[in-house]
Amino acid sequence: MSSEPSLPGGRIALVDVNNFYVSCERVFDPALEGRPVVVLSNNDGCVVARSEEAKQLGIATGTPWFKVAPEAGRWGLVARSSNYELYGDLSARVMEVLGRFGSWQEVYSIDECFLGLPGDERQLLGTAARIRSAVMRHVGVPVCVGVAGTKTLAKFVNHIAKRNPHMQGVCSLDSMPAAEVARIQSRVPVTGLWGVGGRTAKRLNAMGIETVADLKAADPQLIRKRFSVVLQRTVLELNGTACIPHSEERADKQQIMFSRSFSTPVTTAEEMDQVMAVYAQRGAARMAAQGLNASVLTVTAGTSRFAGGEKSFPSASARLPVPTQDPIQLTRAAVATMRTCISEGTQYVRAGVLFTGLEPADGQQTLDPFVSDLDQRHIGDLLGSVRAKFGEAAIGLGQGGLAVPAAWSMKRDFSSPRYTTEWSDLPVVRA
Amino acid sequence: MNDGGGPGDARGFPSPAQDYFHGGIDLNRHLIRDRTCTFVMRVSGNSMAAAGISDGDELIVDRSLTPRDGSVVVAVVNGELLIRRLHLSGDHVRLQTDDGGVPTEVPELADLSIWGVVTRCLHHV
Chain A
1 MSSEPSLPGG
11 RIALVDVNNF
21 YVSCERVFDP
31 ALEGRPVVVL
41 SNNDGCVVAR
51 SEEAKQLGIA
61 TGTPWFKVAP
71 EAGRWGLVAR
81 SSNYELYGDL
91 SARVMEVLGR
101 FGSWQEVYSI
111 DECFLGLPGD
121 ERQLLGTAAR
131 IRSAVMRHVG
141 VPVCVGVAGT
151 KTLAKFVNHI
161 AKRNPHMQGV
171 CSLDSMPAAE
181 VARIQSRVPV
191 TGLWGVGGRT
201 AKRLNAMGIE
211 TVADLKAADP
221 QLIRKRFSVV
231 LQRTVLELNG
241 TACIPHSEER
251 ADKQQIMFSR
261 SFSTPVTTAE
271 EMDQVMAVYA
281 QRGAARMAAQ
291 GLNASVLTVT
301 AGTSRFAGGE
311 KSFPSASARL
321 PVPTQDPIQL
331 TRAAVATMRT
341 CISEGTQYVR
351 AGVLFTGLEP
361 ADGQQTLDPF
371 VSDLDQRHIG
381 DLLGSVRAKF
391 GEAAIGLGQG
401 GLAVPAAWSM
411 KRDFSSPRYT
421 TEWSDLPVVR
431 A
Chain B
1 MNDGGGPGDA
11 RGFPSPAQDY
21 FHGGIDLNRH
31 LIRDRTCTFV
41 MRVSGNSMAA
51 AGISDGDELI
61 VDRSLTPRDG
71 SVVVAVVNGE
81 LLIRRLHLSG
91 DHVRLQTDDG
101 GVPTEVPELA
111 DLSIWGVVTR
121 CLHHV
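Residue numbers (UniProt numbering), protein chains in the order written: chain A, 1 to 431; chain B, 1 to 125.
For the record, the hints were derived by calculation from the structure and aren't laboratory data. Incorrect hints may appear among the rest.
Derived list of chain A stretches under chain B, where covered just means 3 residues or more per stretch with a C-beta under 8 Å from a C-beta of chain B [claimed, not checked]:
1) 90 to 97
2) 131 to 145
3) 189 to 195
Where is the CB? At the ideal position from N, CA and C, for every residue including glycine.
Here chain B stands alone, though its shape is the one from the complex (with noise of 0.2 Å):
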């Protein structure tokens, strides 16, 4: 087929359709399990660096999958969003930076407003 840059192609724009034909690694397709609920977001300070997520790193957030003990989360803290890991024990909710700060005690799991799990970071190097 036409890929469309041709100078008879009344078209005259690269086709995306080239993405059906070449073997390309597509890091949407490897990276990304659900489009519709994934976002990309970029993380500011430090304190999560001992799970290898550094300031100025991109974070993938899937928002359907469900948070389990130990899980890297963005959670809404006081209106801000923040990654935390999340600690499920019990009746208790923590949500912990990896830097042995002080933790977020959470009373009850209602209270929790996760906005999403981190299923990767593209770690800077």
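Chain A on its own, in the form it takes in the complex (with noise of 0.2 Å):
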């Protein structure tokens, strides 16, 4: 694994978007801001995300939405279903602006990102506050950021951001008096970092660790006997030693992403295409393992910090044309998107795939030979200019080729256009 070694005096930030769906939402339907909004999963069965209003009503993440439903016009709230189109590119566009900031970048997910930043520890605040305006007024979404020395503290001093109006969604470790960290570690629970679950801290309670600064002051030979070496790494990142390496791959309900570091840059768009079709089957077998299919994939590469030309960090995402686990078609997809946003001849050191919009792959198989045999005799070709002429739903293989909305397509009564990768979609100004 290459993890990039940190440099002397870098502090690594942790930045997240605040709700992010809910604020991708916000964006180009400004009515929303100030009110209670929830965002529904797939078949608008329960919420996903919620506004800081929702929250404030009791709303919980995972509530089923006919329970709420009844409440729903006296309180004022607002449901969307879920709308990954929209997410995923307001996704790429959030991670490209941050991107901008950091000496290297970690995507970590749809929503939030790691960045290396060099610099004077004094000036780190301000940085951070240019951070986040600029995605404000680049993409219209708001973040947090956290800075500090490791990623499990940067993550760390994001929610003490979170949870303190008053600092304006940033925060850095070196700006904070010493006894004041100490106070806050000393309150919150161990569940409140970064990786310790519910079993774990259970078991840690059992053993008197109870808060933060209890496990700070652990015993890293200990924990790492008693649990594993993931979190003695928490340990050694409590007190300030940077030893999580980059995630190479990270899976759960919302989400399935690959990404890694190259032992010798990528400059050239075919390798990267390789690159990519790497990724793209790993995931296609992670999802027919987990029995999923993927609606938006998101692209994301990144040059090093260390070589001397050009930095770039660049990100797309694409809607695929029905939602699959095929990898033939993820594959396409993923080479295709990843060739509209690198150059060629830049050093790229990383790259990644990351899968959203997953909904349950159920009765939809893929005939994966009849579909490759189309392909080497251009159907594919021909399919794509019938439909250029005479729209989507014009023709297609299967249920492509259905005007009628096929079984798998999804109730979502509360959707949002997409605003952003459909061309009839697009939001309308009024004159």
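From these two lone chains plus the hints, build me the complex, please.
Structure follows, in structure tokens:
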């Protein structure tokens, strides 16, 4: 694993978008500002994202929509169906803006990334504020920025920034009095830490380790013996030693991600095609194993912070024609999307693919041999040209050719338009 | 290099790499300064027709530009996105249509929410 060595005096920022899905909805519908808003899962099943106002109403993540719906009118609550095309596109834009500020960037999920921040520690708070205002200005979504010497601490101070409105979304550990940091750490339970789940917390509590301060003071060797090298790293990181490498693979209910550093830089589009093909196929295998289809993919790449050349952290997103786990389709989409945002000759040292808009794949099987056989006869090109002339639903393979939405087409009763990815769905401004 | 469309090519899709080598005009390159902060919007209404912006036209909107006196902007007024010409003079801030309609007076510059600055209008002829 090639994790980039840390620069002396360098700091790490964890930047994430506040209530990402809700914030995306608000960009093109400013009337949602200040109102309680929830975003629903596939098929409008349950709440997956909440605005601050919705949180204050006591609506929990995972609450089934039918339980909240009767109260919606009284509360002035607005619900939106998940619009992964919009979220993917805005995510790619956010990541590209953030990449401009970092000496390196590790996209960690659709709405958060780590950035390397070189420079004087007294200036870091100012840099964090500039990052926040740049994302607001360029894309229109609010972010929180936590800056510290390690990823674990950066995550921790990011939470501090979130919980303290007077900090205006930014917090740098170097700018906080040590006594204040110690006081907060002695109050926050270990579950408030990145990567410490409920089960681990229970076992820690049994050892008398209840708070972040307790864990920080624990013996790293003992923690490694009783738990894992992963939790040992958490202890070391709490004490200022950066030791968590870039994650290469991440999967949860909302996303599947593959990303890594290269041992030698990738400089040609053809090499990058191969990288994308590998990730797309690993993603496809993961989705097949979990019975999921992806509806949107986002690709990212990045140059080295050490190389003398141009720094660049491109990112782009694409909606898949239909939700799929088919390796051929995913490979094509990843390759083509990456080609839209990279330039030949640039030395890329990292790349990644993020699959979102995951949904159950039940019943809809792709016949691989059939599809690839047709491809070799250029049926794909033919279909493409027919579609370009007569519209998306004019012709297609299997269900792709039905003008009537197929069974897999989801219930999206409250969907906002695909403002940034569909010409027919552009946001309307009144003159 | 192989254009990706040949029968022996396992990838079998038209290669976007063609973009690097043919000399066609790329509107993205010429009309968009910075892809990351540029959005396309569709016009509804004719109150800005004198500025060459008509119902059904598409606008290229750059969020990162600083609006100046006379800029055509997308402004947020009462939760709605509106196209208006911005007038800044002394301590007066006004959002105006180009058809002589009643302007929206903004008491404080800080109260003004500008979504973005219109850089191009794709007018349907």
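Can you name, in rising order, the numbers of the hints this structure does not satisfy? 3
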